[in-house]
Amino acid sequence: MSHSVELAQIGMTFGTTRAVSDVSFKVEQGEFFSILGPSGCGKTTILRMIAGFTEPTEGRVLIGGRDMKGLGPNQRPTAMIFQSLALFPLMPVWENIAFGLEARGVGKAERRRKADELLRLIALEGYGDRMPGELSGGQRQRVAIARALAVEPGVLLLDEPLSALDLKLRQHMRAELRALQKRTGVTFIYITHDQSEALAMSDRVAVMSAGLLQQVATPRELYDNPATAFVARFVGETNAISGRISDVQDGRARIDTALGILTGRAGQGARTGAQGTIYIRPEALMPGDPVNALDARIERVDFEGAFALVHGRFADGAALAASVPSTRLAEAPAPGAETRFGFAPEHAVVLGDA
Amino acid sequence: MRDLYGRFGPWLATVFLSLVFIWLAGMVLAPNLMMIDYALRPNLPPAAIGGPDDSYSLDNILYLAGEPTHRAIFLKTIWASALVALVTFLVCYPVAYWMAQHATTGQLSLALLLIIIPFFINEVLRTLAWFIILAYRGPLNAVLTNLGLIDAPIRWQGDGGVLAAMVYAYILFMLLPIYNAIESLEKAQIEAARDLGASSWRIHTRVVIPHAKAGIATGFVFTFMLAAGSYVAPALLGSPGSRWFTEIIYNWFFEGGDWNRGAAYALVLLVLCLAVVLITLRIARVNLADVAK
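If you're matching them up, the sequences are chains A and B in order. Going by the numbering used here, the first sequence opens with residue 1, and the numbers climb by one from there. Going by the numbering used here, the second sequence opens with residue 355, and the numbers climb by one from there.
A hint or two may mislead.
[As the list claims (entries may be wrong)] Simulated pairs of lysine-lysine, DSSO-like, Cα-Cα distance not exceeding 27 Å: (1) A:69 to B:541; (2) B:541 to B:567; (3) A:69 to A:114; (4) A:182 to A:168; (5) A:108 to B:430; (6) A:168 to A:26.
[Claimed, not checked] The following residues of chain B were derived to be distant from chain A, with all beta-carbon distances above 10 Å: (7) 478; (8) 561; (9) 611.
Because the hints were derived from the structure by calculation, they are not lab data. Nothing here was measured: the structure is a model prediction, and the numbers come from that model. Glycine included, each C-beta is placed from N, C-alpha and C at the ideal position.
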């Protein structure tokens with residue numbers, strides 16, 4: 001059976017608060033799909049509606065083409081990994097992992113066998129008789145994943161499960177989750193507010209803001225072709241310069257700004273005569289580039305290892321952020337200097353202001 | 355102790371410690387020692403006290419073992435108290451669970467208020483209320499007869515009446531510890547269990563009850579001790595067939611005039627209650643310090 005997940009115009013209202021409105025997307029079987037957004041954007045509500053903890057007030061949730069209306073969380077082919085992990089602290093690790101099997105009436109010997117098998121999968125062989133409290137954060141994390149996988153769900157729902165881990169471990173767990181997903185072929189729906197996490201792991205990402213779906217795209221597309229101003233600003237760093245779009249031709253848009261006439265790729269809503277904004281990624285801005293010239297005063301240069309972050313102000317006082325590779329640091333401007341930056345038109349996008 | 359001296363200085367700390375000591379010695383230790391002393395001596399006319407017959411023996415306690423009616427009432431008091439604790443638990447657990455995991459703040463305050471208000475009234479009066487409700491020509495029988503559920507009034511007084519009144523009287527002592535325990539259970543654990551396919555029954559037996567074990571044990575201990583030592587409810591609502599052991603003790607003291615035998619009976623009840631409490635805590639793997647919290 002296929003385990004695609006489809007949301008059809010779902011909406012959720014709590015009292016007078018509109019948490020989610022008119023969200024539709026389809027997650028394919030075996031996909032690693034992330035929902036990215038700031039806290040309070042409705043992403044957890046969506047996950048809980050897929051899991052069956054809350055019924056949407058409008059629209060439908062379909063899993064494998066089947067309408068899930070009226071089915072509780074224990075009747076859906078989904079398993080959820082909670083932000084707090086919610087391991088059962090009074091049960092040894094193996095009973096935690098086998099809890100779903102216990103609920104399905106599987107015999108004890110078989111449960112133990114299956115738990116040991118999953119412990120091998122998550123590289124925690126021999127930890128079955130420990131209590132969850134005796135494990136480290138990363139180990140508990142893996143036990144939570146094994147517990148969810150034990151019931152052989154078609155869809156695994158993950159609610160920011162890495163947020164409690166430190167940076168190193170988080171990066172390690174990203175790779176591990178990704179590998180696990182490829183190996184098991186289970187559909188993953190992953191909730192996060194951390195854009196680098198979403199970009200690094202996902203096949204596709206849905207970006208949400210204030211209960212509304214902004215864009216569903218591959219990480220690359222999201223970064224290069226943001227559909228809305230929110231996506232352009234939320235995903236990655238960006239320099240935004242507003243103006244009036246004076247010409248749109250052959251996929252290019254020209255925009256007249258207070259800092260000069262700039263050219264970028266024409267994005268959503270870029271029409272001649274409309275108000276618009278050009279979004280330029282920090283890594284696109286190069287000191288000394290004569291195309292799309294922008295004058296700025298450098299305030300600070302933060303050396304970060306592989307690259308240096310240059311902070312400054314454009315002539316109109318707006319903040320500038322440019323990242324210069326370390327290999328070109330010698331050409332980088334010194335703080336206090338007036339420098340001309342430029343960028344290639346294909347590395348910037350012009351969006352019409354909504 | 356050093357902490358106490360450090361915080362309050364030698365004077366005040368000594369006063370505090372003496373007060374605690376006087377309390378323990380005068381109010382707890384002395385009466386109990388006197389009771390043991392009484393229990394082990396024979397009941398003698400004043401003239402013979404201190405005479406050759408006034409020696410320690412286990413006669414008073416052995417009398418209980420050899421007296422079939424008293425022995426039966428004693429054993430019945432023990433298991434009936436356990437039954438009271440069990441029924442109180444069955445009544446309180448769902449309420450405590452609802453209050454701890456589902457109720458909104460407003461519902462919770464209202465529920466607590468409704469549960470606590472009756473406890474503003476004296477225990478004897480509360481028991482009298484049950485006396486009236488359960489009376490042969492009382493409101494309960496009237497309602498049931500009028501609804502056509504029963505043909506003739508039922509004599510509720512006796513075992514049933516005693517059970518009802520005690521469960522009612524001790525609800526708070528069971529409810530609050532369980533509520534406290536369940537309240538600290540993370541909601542995500544219940545959701546995780548449900549998500550993994552567990553039925554409500556399994557969620558409670560495997561997740562909620564193990565978590566609330568200390569609270570449940572505390573409630574059992576409180577309720578059992580209070581029930582075993584209860585006098586008012588069996589005296590008012592009991593029948594000759596449902597006598598409570600405390601009534602026998604009362605009779606030895608105030609009707610039989612045999613304080614020594616009364617003390618011996620009370621001592622046996624005390625020891626047995628202690629044993630039950632310790633065994634319960636052992637089973638639930640809870641220690642006395644947790645209960646005190």
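Item to check | Structure versus earlier hints - violations, ascending order | outcome: 3, 5, 6 and 8
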